[in-house]
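Enquirer: Chain by chain, the residues run as shown.
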Amino acid sequence: MSDAETTSDAGSAAAAANEIDRFTYDVVVVGAGGSGLRAAIEARLHGKKTAIISKSLFGKAHTVMAEGGCAAAMGNVNPKDNWQVHFRDTMRGGKFLNNWRMAELHAKEAPDRVWELEAWGAVFDRTKDGKISQRNFGGHEYPRLAHVGDRTGLEMIRTLQQKVVALQQQDAAELGDPEAMIKVFAETTITELIKDDSAGNGRAGDGGAGDGGRIAGAFGYFRDTGRFVLFEAPAVVLATGGIGKTYKVTSNSWEYTGDGHALALRAGATLLNMEFVQLHPTGMVWPPSVRGLLVTESVRGDGGVLTNSEGKRFMFNYVPDVFRAMYAETEEEADRWYNDQANNRRPPELLPRDEVARSINSEVKAGRGSPHGGVFLDVSARLPAEEILRKLPSMHHQFKELADVDITKEPMEVGPTAHYVMGGVEVDPDTGAASVPGLFAVGEVSGGMHGSNRLGGNSLSDLIVFGRRAGLGAAEYVSALPGRPAVPEAALASAAAIALEPLGRAEGESPYAIHSELQTIMNDLVGLIRRESEMKTALVELDKLRARAAQVSAAGGRAYNPGWHLALDLRNMLVVAECVAQAALERHESRGGHTREDYPGMSPEWRKVNLICSLDANGTVALHRQPMVPMRTDLLELFDLGELKKYMTEDELAGLPGAGAPAEETPPSAPPTDAPSGVLPEAGQKAPSSEAPARKAGE
Amino acid sequence: MGYKAALRVWRGDAGAGALEDFSVEVNEGEVVLDVLHRLQATQASDLAIRWNCKAGKCGSCSMEINGRPRLACMTRMSVFAPEETLIITPLRTFPVIRDLVTDVSFNYAKAREIPSFTPDPAVKPGEFRMQQVDVNRSQEFRKCIECFLCQNTCHVIRDHPENERPFAGPRFLMRVAELEMHPADTADRREIAQDDFGLGYCNITKCCTEVCPEHIKITDNALIPMKERVAGRKYDPLVWLGAKIGRRTAKDTPKVPNTT
Numbered sequence: 001m002s003d004a005e006t007t008s009d010a011g012s013a014a015a016a017a018n019e020i021d022r023f024t025y026d027v028v029v030v031g032a033g034g035s036g037l038r039a040a041i042e043a044r045l046h047g048k049k050t051a052i053i054s055k056s057l058f059g060k061a062h063t064v065m066a067e068g069g070c071a072a073a074m075g076n077v078n079p080k081d082n083w084q085v086h087f088r089d090t091m092r093g094g095k096f097l098n099n100w101r102m103a104e105l106h107a108k109e110a111p112d113r114v115w116e117l118e119a120w121g122a123v124f125d126r127t128k129d130g131k132i133s134q135r136n137f138g139g140h141e142y143p144r145l146a147h148v149g150d151r152t153g154l155e156m157i158r159t160l161q162q163k164v165v166a167l168q169q170q171d172a173a174e175l176g177d178p179e180a181m182i183k184v185f186a187e188t189t190i191t192e193l194i195k196d197d198s199a200g201n202g203r204a205g206d207g208g209a210g211d212g213g214r215i216a217g218a219f220g221y222f223r224d225t226g227r228f229v230l231f232e233a234p235a236v237v238l239a240t241g242g243i244g245k246t247y248k249v250t251s252n253s254w255e256y257t258g259d260g261h262a263l264a265l266r267a268g269a270t271l272l273n274m275e276f277v278q279l280h281p282t283g284m285v286w287p288p289s290v291r292g293l294l295v296t297e298s299v300r301g302d303g304g305v306l307t308n309s310e311g312k313r314f315m316f317n318y319v320p321d322v323f324r325a326m327y328a329e330t331e332e333e334a335d336r337w338y339n340d341q342a343n344n345r346r347p348p349e350l351l352p353r354d355e356v357a358r359s360i361n362s363e364v365k366a367g368r369g370s371p372h373g374g375v376f377l378d379v380s381a382r383l384p385a386e387e388i389l390r391k392l393p394s395m396h397h398q399f400k401e402l403a404d405v406d407i408t409k410e411p412m413e414v415g416p417t418a419h420y421v422m423g424g425v426e427v428d429p430d431t432g433a434a435s436v437p438g439l440f441a442v443g444e445v446s447g448g449m450h451g452s453n454r455l456g457g458n459s460l461s462d463l464i465v466f467g468r469r470a471g472l473g474a475a476e477y478v479s480a481l482p483g484r485p486a487v488p489e490a491a492l493a494s495a496a497a498i499a500l501e502p503l504g505r506a507e508g509e510s511p512y513a514i515h516s517e518l519q520t521i522m523n524d525l526v527g528l529i530r531r532e533s534e535m536k537t538a539l540v541e542l543d544k545l546r547a548r549a550a551q552v553s554a555a556g557g558r559a560y561n562p563g564w565h566l567a568l569d570l571r572n573m574l575v576v577a578e579c580v581a582q583a584a585l586e587r588h589e590s591r592g593g594h595t596r597e598d599y600p601g602m603s604p605e606w607r608k609v610n611l612i613c614s615l616d617a618n619g620t621v622a623l624h625r626q627p628m629v630p631m632r633t634d635l636l637e638l639f640d641l642g643e644l645k646k647y648m649t650e651d652e653l654a655g656l657p658g659a660g661a662p663a664e665e666t667p668p669s670a671p672p673t674d675a676p677s678g679v680l681p682e683a684g685q686k687a688p689s690s691e692a693p694a695r696k697a698g699e
Numbered sequence: 001m002g003y004k005a006a007l008r009v010w011r012g013d014a015g016a017g018a019l020e021d022f023s024v025e026v027n028e029g030e031v032v033l034d035v036l037h038r039l040q041a042t043q044a045s046d047l048a049i050r051w052n053c054k055a056g057k058c059g060s061c062s063m064e065i066n067g068r069p070r071l072a073c074m075t076r077m078s079v080f081a082p083e084e085t086l087i088i089t090p091l092r093t094f095p096v097i098r099d100l101v102t103d104v105s106f107n108y109a110k111a112r113e114i115p116s117f118t119p120d121p122a123v124k125p126g127e128f129r130m131q132q133v134d135v136n137r138s139q140e141f142r143k144c145i146e147c148f149l150c151q152n153t154c155h156v157i158r159d160h161p162e163n164e165r166p167f168a169g170p171r172f173l174m175r176v177a178e179l180e181m182h183p184a185d186t187a188d189r190r191e192i193a194q195d196d197f198g199l200g201y202c203n204i205t206k207c208c209t210e211v212c213p214e215h216i217k218i219t220d221n222a223l224i225p226m227k228e229r230v231a232g233r234k235y236d237p238l239v240w241l242g243a244k245i246g247r248r249t250a251k252d253t254p255k256v257p258n259t260t
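Sequences listed follow chains A and B, in order.
What the first sequence shows, in this note's numbering, is residues 1 to 699, in sequence order.
What the second sequence shows, in this note's numbering, is residues 1 to 260, in sequence order.
If you're looking for bench data, these hints aren't it; they were derived computationally from the structure.
Values in this document were obtained by computation on a predicted structure and should not be read as measured data.
A portion of the hints provided could be inaccurate.
[Unchecked claim] Ranges of calculated distance between the beta carbons of each label pair, as one might list FRET restraints:
id, chain 1, residue 1, chain 2, residue 2, range
1, B, Asp103, A, Ala173, 18 to 28 Å
2, A, Ala173, B, Glu83, 57 to 67 Å
3, A, Thr620, B, Lys217, 53 to 63 Å
4, B, Ile87, A, Glu476, 54 to 64 Å
5, A, Ala480, B, Trp240, 50 to 60 Å
6, A, Leu389, B, Arg68, 51 to 61 Å
Ideal Cβ placement from N, Cα and C applies to all residues, glycine included.
Modelling step: build the complete structure from the supplied sequences, incorporating the hints.
Expert: Put into structure tokens, the structure is as follows:
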């Protein structure tokens with residue numbers, strides 16, 4: 001803490017209470033999960049003095065809950081796999097709404113990132129010839145997920161944690177201080193991003209896109225003492241994960257309160273396609289206290305099947321047209337696939353998650369559910385007990401200890417659970433830069449990569465591919481910066497005042513009560529199947545809740561006070577919930593993690609539209625449409641025209657090579673956008689480049 | 001089938017504290033953490049609890065329940081009789097921050113002293129080849145969720161803070177074993193395992209194994225084999241002779257400098 005110095009909030013009677021510890025860094029990474037740690041490592045490798053801010057202890061981030069694996073087309077199990085196949089699977093999984101440049105970078109770079117983890121000490125499961133083993137997963141054409149049993153996320157977080165330690169050991173040896181260049185601030189929460197006065201004022205919390213200014217720091221508090229802290233830094237990387245705690249039934253941990261989404265909005269950045277929330281098809285449904293807890297997709301990847309109360313494998317009835325040709329039509333063919341993938345099609349249990357979640361929902365609604373309102377997921381009749389114990393040890397442990405169910409002997413009961421938000425901060429695909437200078441976002445808090453639905457296994461790979469890129473992006477931004485943006489003192493006073501409000505109120509509702517109501521609203525009204533009337537109700541209810549949340553009272557003091565912490569998190573959850581509800585109301589189609597009962601079809605016109613949320617000058621959520629950048633030709637050529645026809649408009653198809661019209665005369669089709677004509681997509685999506693088309697190479 | 005459970009929860013901070021009595025509703029299938037959350041939401045909004053995943057995967061909610069070190073999220077209320085009073089206290093080995101939350105920074109300091117994974121620099125990423133059978137042991141140790149229940153229960157430091165300097169504790173002696181058994185690691189930590197991390201303090205009472213929520217056989221599979229390796233390094237007459245006549249020069253990896 002040699003660089004710590006304290007200052008006092010001059011002129012304030014509460015000066016002592018508002019004392020702020022100050023630290024100076026080049027890059028501050030908010031979040032210590034997979035993407036945050038990978039970003040921090042990269043920034044440090046590029047010589048930047050880096051701080052890692054974690055709401056929890058070091059190594060406890062939500063990444064530890066990732067079970068199945070990390071998708072990377074290494075081709076260790078099936079040599080036919082390559083980045084093009086992975087790219088195609090990712091686009092299909094996201095129903096072509098993905099930021100295609102991100103999907104491309106992700107598919108190309110994931111293998112190198114996984115191999116790098118191995119060189120840093122990760123111990124993945126092996127193939128017979130000693131390479132990293134890869135497993136099957138929903139939506140992935142070939143076995144692709146590097147894994148360690150069903151605790152892959154833990155392996156990844158521990159490896160990255162230990163890499164941070166290894167770098168600290170280097171610095172200890174060379175500089176005499178392990179924390180000279182990279183330091184972890186555990187149990188520390190950031191409540192505001194601070195911008196400089198380079199354009200307009202930089203007051204915290206007033207939000208409003210377009211008020212200018214560059215990132216100058218991040219303000220927050222230490223959870224153990226409640227003391228305020230300012231990290232002065234020209235670059236902040238948001239790596240805060242998702243928003244699951246706005247839902248009642250969720251697989252997410254307490255940290256998932258949409259902090260990064262809200263911080264970005266308040267700093268003037270934009271959120272992309274927040275309507276897409278992935279309901280993982282298989283969460284536990286019983287006992288009630290663990291409802292929502294994740295049951296890994298590996299259960300299905302390794303042979304587990306879904307059945308209804310009639311004992312029927314119902315997924316065969318739910319294969320949508322766009323996937324019809326790729327999935328088995330009989331149980332016999334599906335079962336043969338596990339051993340002979342060249343001559344058989346995949347079991348429909350391995351459809352992308354959105355499809356499986358909707359199918360389970362339909363079965364339960366039709367009265368064919370399990371006793372506790374889910375369906376059955378059975379691996380006991382499919383694999384020998386010892387193989388289950390070897391491949392799915394955590395699942396065995398989890399069901400045995402929490403539900404008295406022995407999965408080697410009996411089926412599990414499962415149902416959909418809020419798992420992942422595809423929407424997030426709009427970023428430049430190559431660097432992770434948000435629209436605010438100095439702000440970067442990576443991992444679940446960023447948007448675009450996964451389109452309308454994420455494939456299992458593409459999250460862990462997303463974290464390391466874009467973690468590295470954002471860390472690099474932030475380092476390069478700092479290097480190119482002529483001077484350091486200054487922190488306006490007024491912004492600090494305002495941030496401190498906002499943070500202290502709940503403690504100052506003697507009378508007021510409990511933050512726990514408000515949180516519980518919020519979760520019920522989102523679960524019931526903006527959940528898996530959405531209706532216009534319900535979402536309108538949700539928006540009205542959220543409005544009322546926001547007013548009440550502004551008056552909550554947190555009893556107790558500042559030292560490790562969870563009630564106070566929740567009161568501050570509520571503000572973030574409420575604004576994020578509103579973004580989800582508004583975007584969901586706006587999108588008149590069903591696609592991936594957004595299913596409208598009143599608009600059940602997928603619309604090629606809507607595929608061309610991104611929905612962008614920002615905060616207006618009053619701090620209220622504003623939504624606008626923004627046209628999707630057309631995909632680069634060489635990437636389009638990776639798909640058959642027949643498949644593209646299922647997703648694209650006539651106009652788009654007319655411009656495609658092989659569709660009759662000359663490629664160079666691609667007419668810009670009019671997007672269904674209400675954006676002002678000047679508002680075009682971020683420059684991040686690269687224009688068609690000269691990269692050689694690699695049509696289905698290797699196939 | 002709900003009932004009211006009697007809870008005695010330790011509340012206080014580094015200065016002082018005491019057990020406080022509460023009566024909290026319990027529903028079917030719940031774990032201790034559910035009940036503590038209900039207590040927080042309804043009666044004690046500032047009750048400090050450290051927790052994250054509520055699924056036994058992150059190792060945050062370590063505490064002592066009726067004197068036994070446990071994860072609150074994996075301890076079902078059904079293991080206690082409804083009339084039983086639950087005494088819930090913070091981990092005893094570590095300094096209290098507030099209520100049930102302790103300062104576990106000791107563990108992070110120990111982690112930093114152990115020389116990291118050291119592969120052969122000639123092996124490039126993507127070129128590692130290891131058989132499953134050779135990585136099984138390291139994988140068992142890497143199941144560790146760092147809940148620090150083993151550190152908390154180990155009598156070498158539980159009642160002897162004077163041993164905190166010379167003794168790294170079961171979790172980090174296991175980390176040494178994990179690296180030593182990693183097929184691609186080239187460092188030799190046997191000497192420092194004994195001299196700097198205090199492997200000799202362990203007298204294999206297996207308390208660490210008993211409290212491990214991941215059921216890792218810490219003593220049998222990590223600590224005892226490590227003791228054997230250390231004995232081999234330090235007392236094997238052939239090794240001694242080889243070093244003496246200069247045929248085999250010892251290349252012990254030193255402890256990381258400037259980390260303590």
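Enquirer: Does the hinted range 57 to 67 Å hold for A/Ala173 and B/Glu83 at CB?
Expert: Hint holds: Cβ distance 58 Å, inside 57 to 67 Å.
Enquirer: Given a hint of 18 to 28 Å, does the C-beta separation of B/Asp103 and A/Ala173 actually sit inside it?
Expert: holds (27 Å)
Enquirer: Quick check: does the Cβ-Cβ distance between A/Leu389 and B/Arg68 fall within 51 to 61 Å?
Expert: violated (26 Å)
Enquirer: Can you tell me whether the CB distance of A/Thr620 to B/Lys217 sits inside 53 to 63 Å?
Expert: Cβ of A/Thr620 to Cβ of B/Lys217: about 57 Å, so the range 53 to 63 Å holds.
Enquirer: Does the Cβ distance between A/Ala480 and B/Trp240 fall inside 50 to 60 Å?
Expert: holds (59 Å)
Enquirer: Starting from the hint 54 to 64 Å, judge whether the C-beta atoms of B/Ile87 and A/Glu476 obey it.
Expert: Holds, since B/Ile87 and A/Glu476 (Cβ atoms, about 55 Å apart) stay within the stated range.
Of the hints listed earlier, the one the structure fails to meet is number 6.
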